[in-house]
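Asks: The residues making up each chain are set out below.
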Amino acid sequence: MTNKKINWAATILLAIGALAVLIPLYLTITIAFKTPEELSSNLFNLPKHWMVSNFTNAIKTTNFFVALKNSIFVSFFSVILTVLTNSMVAYAIARNMDKKFYKLLYYFFVSAMFIPFPIIMLPLVRQTSTWHLDNLFGLILLYVVFNLALNTFIYVGYIRTIPVELEEAAIVDGASTWRVFWKIIFPLLGPMNATVAILSCLYAWNDFLLPLVLLSNPDMATLPLAQYIFQSQFSTNYTLAFASYLMALAPMLIVYMFSQKWIISGVMRGSIK
Amino acid sequence: MSRKNVFLVMTIPALLIFLVFHTFPAIQGIFYSFTNWHGYGDWQFVGFKNFINVFKDQQVLDSYLFTFKFAIVATILTNVLSLLIALGLNAKVKFQKTLRALYFIPYILGMLIISFIFSFIFSKVLPDIGQTLHIQWLSSNILGKTSTAWLGIVIVSVWQSTAFNTILYLSGLVTIPGELYEAAGLDGANSWTKFWRITFPMIMPFFTINMVLAMRTFLMAFDQIVALTGGGPGRATESISYVIYKGGFEGGQFAYQSANAVIYFIVIAAISIFQIKVLQKRGEQY
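Residue numbers (my numbering), protein chains in the order written: chain A, 1 to 273; chain B, 1 to 286.
Pulled out of the complex, with its shape left as it was, chain A reads as follows:
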């Protein structure tokens, strides 16, 4: 295997194909730094003068830092709560699959994957607004609940591969079931926790529909929702709009640059389960 020759045809084709990914990104970055005049005269050039003022304007217009703070808040807490609660639920289910109740619970949660969000959307929005959950806390709560379907599936599959003997030894030594879970099982779930964290972070960070229908106050807007709200103010001021888009995409792009290997392997691990 190791002495196989490099496949240059595939390399060249892949490189050409990669342009389809790169060109839109290149345009986004360059347009964000151009003046409107420069943009109308030439679309593809690099900016002559890198306009930082587009960004300061966009920060003011879209209240960028508020939206950034909201997005970080929602993503952070929905990831933490999702990992902690979903793994625990899955552990209880995985260790009791021989019992009717837990087996039913497993299929009940997992089958929720097949329920499209629009079917619960209308009643859910009424319910959350009546209960004053039309805010960031409601958003976090709902992400944790919605994540349960897929994560029960991912976690249970993984926990069942962990030998029960590991726990039995600890139980003989007098450890409680709580202790067994937090001290033995949860650390062993490390790779799956990472996968679940990546998937739920991307979901909360990029989701648009739930913030759109749930949040009643524009001050609570997450980054994608903020782009939508200010779309009318951007109007034909494309350089301002692109500065705003770039800032909204940048945090995730930066995280990806430093941890892409880890993210990709995390997603791959989730898909093999």
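Because the hints were derived from the structure by calculation, they are not lab data. Treat the hints loosely; a few may be bogus.
Stated by the list, open to error - In the DSS-like style, the derived pairs of lysine-lysine whose C-alpha atoms are separated by at most 27 angstroms in a straight line are: (1) B:K4 - A:K99; (2) A:K5 - B:K194; (3) B:K69 - B:K145; (4) B:K92 - A:K261; (5) A:K100 - B:K4; (6) B:K124 - A:K261; (7) B:K94 - A:K5; (8) A:K48 - B:K124; (9) B:K124 - A:K5; (10) B:K4 - B:K145; (11) A:K183 - B:K49; (12) B:K49 - B:K246; (13) B:K94 - A:K103; (14) A:K5 - B:K92.
Given the structure of chain A, go ahead and fit chain B onto it with the hints provided.
Replies: Just chain B now, with coordinates in the frame of chain A:
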């Protein structure tokens, strides 16, 4: 606390919250679909009237037609492209890690903002290229024409979704043992035969799951519709979710769109089950 009770404490609160925020709204949705509720005020039971009207509603029928046309084309394109990219990335190529990292970028970017960016590309960049090169069909915004707007939505959706499906295919491809290819090579099999006799049967489970997931995602398309066309021109690109959203929240059609959502759910579930059945059977033939 006994072990049995600890397990109950671990699951019961989650079950209750799930019931309240997922199951209960779903049941409410089904319940209201048999009423004439607008989302406010009084209501009465109307039996299957909403369902019958949904089937007669040209706007709803058009949205199903559009959504299916879009979802089928996008599913096929996404799977062909992502399988090709995964095969390429799995081959011995130069700069493999960089290329892999590049191809996965769209996966981490949100559909809404990508769609805003592509909206500009369709309205300014492509017409600019079209005019310079004197290509007639490229010279105007494809999102502006009823006949081509759906293609713009296909392009953006495929651009974003190919990354994830590539990851899935790639994780299937790396599980195929190299010895299989070496043995086939000794038997004189060419690349084409190797692909259809070894690679494809081996990744058939991944093909199934990719087709099901992609189709399901595209049938639920919403963000790209909002950002690219707003359902237009006219109503040419209204997806089913978009119709439910519009009618349910802005049109006072709470009960009516609930009925639409119930049908939508049945359609999605039926298609997923059908796909799994058919593709699994095909898989067993190999």
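Asks: Hint by hint, say whether it matches the structure.
Replies: Status of the hints after comparison with the structure:
A hinted pair counts as satisfied when its Cα atoms are at most 27 angstroms apart, and B:K4 with A:K99 qualifies at roughly 11 angstroms. Annotation: proposed proximity of A:K5 to B:K194 holds, straight-line Cα distance about 18 angstroms (limit 27 angstroms). Restraint check for B:K69 and B:K145: the C-alpha separation of about 17 angstroms stays at or below 27 angstroms, so the hint holds. Of the supplied pair hints, the one linking B:K92 and A:K261 holds, its CA atoms being roughly 18 angstroms apart against a limit of 27 angstroms.
Using a Cα cut-off of 27 angstroms, the hinted pair A:K100 and B:K4 holds, with the two alpha carbons roughly 14 angstroms apart. With a CA separation close to 35 angstroms, the supplied pair B:K124 and A:K261 exceeds the 27 angstroms bound. A threshold of 27 angstroms between alpha carbons decides the hint, and for B:K94 with A:K5 the separation of about 10 angstroms falls inside it, so the pair holds. Distance hint between A:K48 and B:K124 is fulfilled; the C-alpha atoms sit about 20 angstroms from each other, no more than 27 angstroms.
With a CA separation close to 43 angstroms, the supplied pair B:K124 and A:K5 exceeds the 27 angstroms bound. Proximity of B:K4 to B:K145 is assessed by CA-CA distance (about 63 angstroms); at most 27 angstroms being required, the pair is judged violated. With a CA separation close to 57 angstroms, the supplied pair A:K183 and B:K49 exceeds the 27 angstroms bound. Distance hint between B:K49 and B:K246 is fulfilled; the C-alpha atoms sit about 20 angstroms from each other, no more than 27 angstroms.
With a C-alpha separation of about 48 angstroms, the suggested pair B:K94 and A:K103 falls outside the 27 angstroms cut-off, and the hint is violated. Of the pairs offered as hints, the one joining A:K5 and B:K92 holds, with about 7 angstroms between alpha carbons and a cut-off of 27 angstroms not exceeded.
The structure fails to meet hints 6, 9, 10, 11, 13 from the earlier list, while all remaining hints are met.
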